[in-house]
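Undergrad: What follows is the residue order along each chain.
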Amino acid sequence: MTTQSWSLLGIYLAVLFAAIKPLGLYMVKLMEAPRSPSLARLENGLFRLCGIEREEMSWRQYALAVLVFSLMGCIAVYALQRLQLWLPLNPQRLPNVTPDSSFNTAISFVTNTNWQGYGGETTMSHLTQMLGLGTQNFVSAAAGIAVAFALIRGFARHSAQTIGNFWADLYRATAYLLLPLSFVLALALISQGVVQNFSAHQEVVTLEPTIYEITRVDNTGQPVTYARGDAIVDAVSVTAQTLPMGPAASQIAIKQLGTNGGGFFNVNSAHPYENPTALTNFLEAMAILLIPAALCYTFGKAVGDTRQGWAVLAAMTVIFVGAAIATISFEQQGNPKLTALGADQTAGALQSGGNMEGKETRYGIGASALWAVATTAASNGSVNSMHDSFTPLGGLIPMWLIQLGEVAFGGVGSGLYGMLAFALMAMFIAGLMIGRTPEYLGKKIEAFEMKMVSIAILITPALALLGAAVGVMAAGGRATIFNPGPHGFSEVLYAFSSAANNNGSAFAGLGANTPFYNGWLGAAMWFGRFGVIVPVLAIAGSLAAKKKLAVGPGAMPTHGPLFVTLLVGTVLLIGALTYIPALALGPIVEHLILWSIS
Amino acid sequence: MPNLIRPAVMLMALLTILTGVIYPLTVTVLGQLLFFHEANGSIMTVNGKAVGSTLIGQQYSQPGHFWGRPSATSPHPYNGAASSGSNLGPLNPALTGLVEARIAALRDADPRNDQPAPIDLVTASASGLDPDISLAAAYYQATRVARARHLPLEQVVALIDRHARHPWLGILGEPRVNVLRLNLALDGHEPDS
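Going down the list, the protein sequences come from chains U and F.
Using our numbering, the letters of the first sequence correspond one by one to residues 1 to 598.
Using our numbering, the letters of the second sequence correspond one by one to residues 1001 to 1193.
Keep in mind that a hint or two might mislead.
What the hints assert, rightly or not - Not close to chain F: a few residues of chain U, all C-beta gaps over 10 Å, as computed:
| no. | residue |
| --- | --- |
| 1 | Gln4 |
| 2 | Leu39 |
| 3 | Pro91 |
| 4 | Leu131 |
| 5 | Val204 |
| 6 | Ala227 |
| 7 | Ala545 |
| 8 | Lys547 |
| 9 | Pro557 |
To be verified - DEER-style ranges, computed between Cβ atoms:
| no. | chain 1 | residue 1 | chain 2 | residue 2 | range |
| --- | --- | --- | --- | --- | --- |
| 10 | F | Ala1013 | U | His158 | 34 to 40 Å |
| 11 | U | Ala231 | F | Ala1013 | 51 to 57 Å |
| 12 | U | Pro37 | F | Gly1048 | 52 to 58 Å |
| 13 | F | Ile1005 | U | Ser58 | 16 to 22 Å |
| 14 | F | Ala1050 | U | Glu32 | 49 to 55 Å |
| 15 | F | Gln1032 | U | Ala474 | 46 to 52 Å |
What the hints assert, rightly or not - To be clear about the criterion: a stretch of chain U counts as covered by chain F if any three or more of its residues have a C-beta under 8 Å from a C-beta of chain F, and this derived list gives those stretches:
| no. | region |
| --- | --- |
| 16 | 119-128 |
| 17 | 215-225 |
| 18 | 233-247 |
| 19 | 347-353 |
| 20 | 356-364 |
| 21 | 586-595 |
Keep in mind that the hints were calculated from the coordinates and are not lab data.
From the three backbone atoms N, C-alpha and C, an ideal C-beta is built for every residue, glycine too.
Produce the entire structure from the sequences given, and follow the hints as far as they go.
TA: Encoded structure:
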């Protein structure tokens, strides 16, 4: 790891931690009705217009509201894609999206996954991007925050039957948190060169013509051959370059802040129009972890002991820093096969060196690998480099972070509620070891909670591993694997891990825009999202109804290093036991091959 | 259940107007007013004629121009309409084959240069549209460019030095140079403004 990479990691964490307390405090206020009378009046008016009752909900009502709202979202996004040709704001005259791709994309954006089987600039009209995908970027993130709020209330309340009002939580998280932050970030991004307009694509004449060859095809799409059987190749000269346009900055701001990750362009934040400078890269990477990290402080404050929030945050930070150092080091080490061919991969004052395949010069190794870790530690899934071209172990770490359930900061809301499920698990294990009824924050952890925790923790590995197994067994799954050997298996494993955990990043060589992957990954995303949210809300409801116990001398403190160690250990142990066999077949065997034959 | 449908539909409509219409339109209007050049693609002009975007790389193959990163877009390199990386895994024989061919092409164009090739000059970028190369990749090509243009080497090196960009505070960004700016300067074109 170079000095520059160490400095980058240091300053990244410093800025992040400086923002945690103020933002965390602000979010505590969001859990209640606004104090300003004018905002309260506006809210009242809007809620009356929408037919929203202001009573609080039981966990069942809350869960049903989340599901109904998400289903509506799916229908809206699906319809927009299927009808975009006949709707306005489609200057490129892009055709309607296919049914299977529309299905996949609708679920993908509603579940905060933002897996993209399509290429943005060649598929989606401006209207679809704004009304469909842009809106879901906000509301799917806000739904995650709402569920986290509900769980926090479960811990904070006692002898209560309700855990909040979903409509109010959703509205407040969107209007008072995500919108203002996105607005500021979007303008900052435009100032650096991120495009924001409604123009059709622009054409410019390039300095040199580009000459390339294409295989001649007949009108059935078959290559035309000479008598000897060689394909006829025509030389084509292009003198112009198309520059893609559109309202990118407004969408990029929220896709980073809302841990969505769905890019405006095909290559996501590697595209110079999405992420033009080192500064935009820093801001966008910061935006990934900002809200998830601050929510930990919100949690501590709301349960009346900020040390509890810092302890959870400490556990997340330990996992994150370890992963970042490992990934940066593996990528900086480079690819031994390319050194053997006569390429210079050493880092120095004139180049970043390292494994530069699938990375942009302006980010080099440090900022690319740091992003890869942040985007998979959270459920963001945006990329600024191609994970498929990472070194085997450099690619293993991001994949494993996804598989851990994205609890090192995690998605907005989902990171906190996922980590709190692990905290309950950790206290349960500790309780078993010392033979006491486990408790956390004064709440007894009993059979019902542990059943729900087990479902929440086990559903995503089940979806990821079973899905990957189907993917490599079925012909439809194997047909579009891009890289040969163990790397091809990694592509499929990564895809299902990413979908089940609502990440959305990919080993993008895999051709995923097929009915097979669109269907299976769509199902994995849906159950990976709501198969966790419903049990988490059940836990929230059950905890809220319990009495709060006085902290006795025998209770294990949950704010010290012992608890942090226990929590980190639980996350890593469950992640390791579940996934090491699968990882051994992919990246680990690939690493051994790479370094043994060179 | 029915008492959930109306709030769901109405709130979705309300938030769609707020986040899907008002938000992007306000950002667009402000972006166009405050940062007109940047919001519209940072397009560089020479004597009023657009020559490309400073942010989007172009394909060069003449020996008298600096070459950019290899690009994996299809059907031709630096296709701005379809950004793409190669997605080749580290063990893929196609990757080693391509890198070998790129190193050979660099050697052919400049046989007296026996330095190892800077890694970014022989590997495809993530976007396929990378506008920059590392300083190492620029200095590596200086001898070829100088010979093709019958210029003294020092003059070409000085041109790279003038356009070189270093990490801000030694932390943000990498040592790099914008290839379009460098080649426009070589061709004697001065970008407007």
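Undergrad: Run every hint past the structure and note whether it holds.
TA: Verification of the hints:
1. Non-interface status of Gln4 (chain U) relative to chain F is broken: a Cβ of that chain comes within 10 Å, the nearest being about 6 Å off.
2. Against chain F, the non-interface label of Leu39 (chain U) holds: every CB pair exceeds 10 Å, the least being about 14 Å.
3. Against the 10 Å criterion, Pro91 (chain U) stays outside the reach of chain F, whose nearest CB is about 13 Å from its own CB.
4. With a least beta-carbon separation of about 4 Å from chain F, Leu131 (chain U) fails to lie farther than 10 Å from that chain, contradicting its non-interface assignment.
5. Non-interface call for Val204 (chain U) relative to chain F: violated, since the shortest CB-CB distance, roughly 5 Å, does not exceed 10 Å.
6. Against the 10 Å criterion, Ala227 (chain U) stays outside the reach of chain F, whose nearest CB is about 26 Å from its own CB.
7. Every CB of chain F is more than 10 Å from the CB of Ala545 (chain U) (nearest about 22 Å), matching its label as outside the interface.
8. Taking the minimum C-beta to C-beta distance to chain F, about 31 Å, the non-interface status of Lys547 (chain U) holds against the 10 Å cut.
9. No beta-carbon of chain F is positioned within 10 Å of the beta-carbon of Pro557 (chain U); the least distance is around 38 Å.
10. Under the hint 34 to 40 Å, the C-beta atoms of Ala1013 (chain F) and His158 (chain U), about 38 Å apart, fit the expected range.
11. For Ala231 (chain U) paired with Ala1013 (chain F), a C-beta distance near 54 Å keeps the hint of 51 to 57 Å intact.
12. Separated by about 56 Å at the C-beta atoms, Pro37 (chain U) and Gly1048 (chain F) satisfy the suggested range of 52 to 58 Å.
13. A C-beta distance of roughly 18 Å is found between Ile1005 (chain F) and Ser58 (chain U), which places it inside the suggested range of 16 to 22 Å.
14. Checked against the hint of 49 to 55 Å, the C-beta distance between Ala1050 (chain F) and Glu32 (chain U) comes to roughly 53 Å, which is consistent with it.
15. Judged by the Cβ atoms, the range 46 to 52 Å given for Gln1032 (chain F) and Ala474 (chain U) holds: they are separated by roughly 49 Å.
16. Figure legend: the region 119-128 of chain U, annotated as covered by chain F; annotation consistent (3 residues with Cβ-Cβ distances under 8 Å, at least 3 required).
17. Requiring three or more residues with a Cβ within less than 8 Å of a Cβ of chain F, the coverage given for the region 215-225 of chain U is violated, as only 0 such residues are present.
18. Taking a C-beta to C-beta cut-off of 8 Å, the region 233-247 of chain U contributes 8 residues in contact with chain F, enough for the three needed, and the coverage statement holds.
19. With 6 residues having a Cβ less than 8 Å from any Cβ of chain F, the region 347-353 of chain U passes the three-residue criterion, so the hint holds.
20. Coverage of the region 356-364 of chain U by chain F holds [criterion: at least 3 residues with CB-CB distance below 8 Å; count 9].
21. By the rule of at least three residues with a Cβ nearer than 8 Å to a Cβ of chain F, the coverage given for the region 586-595 of chain U holds, with 3 such residues.
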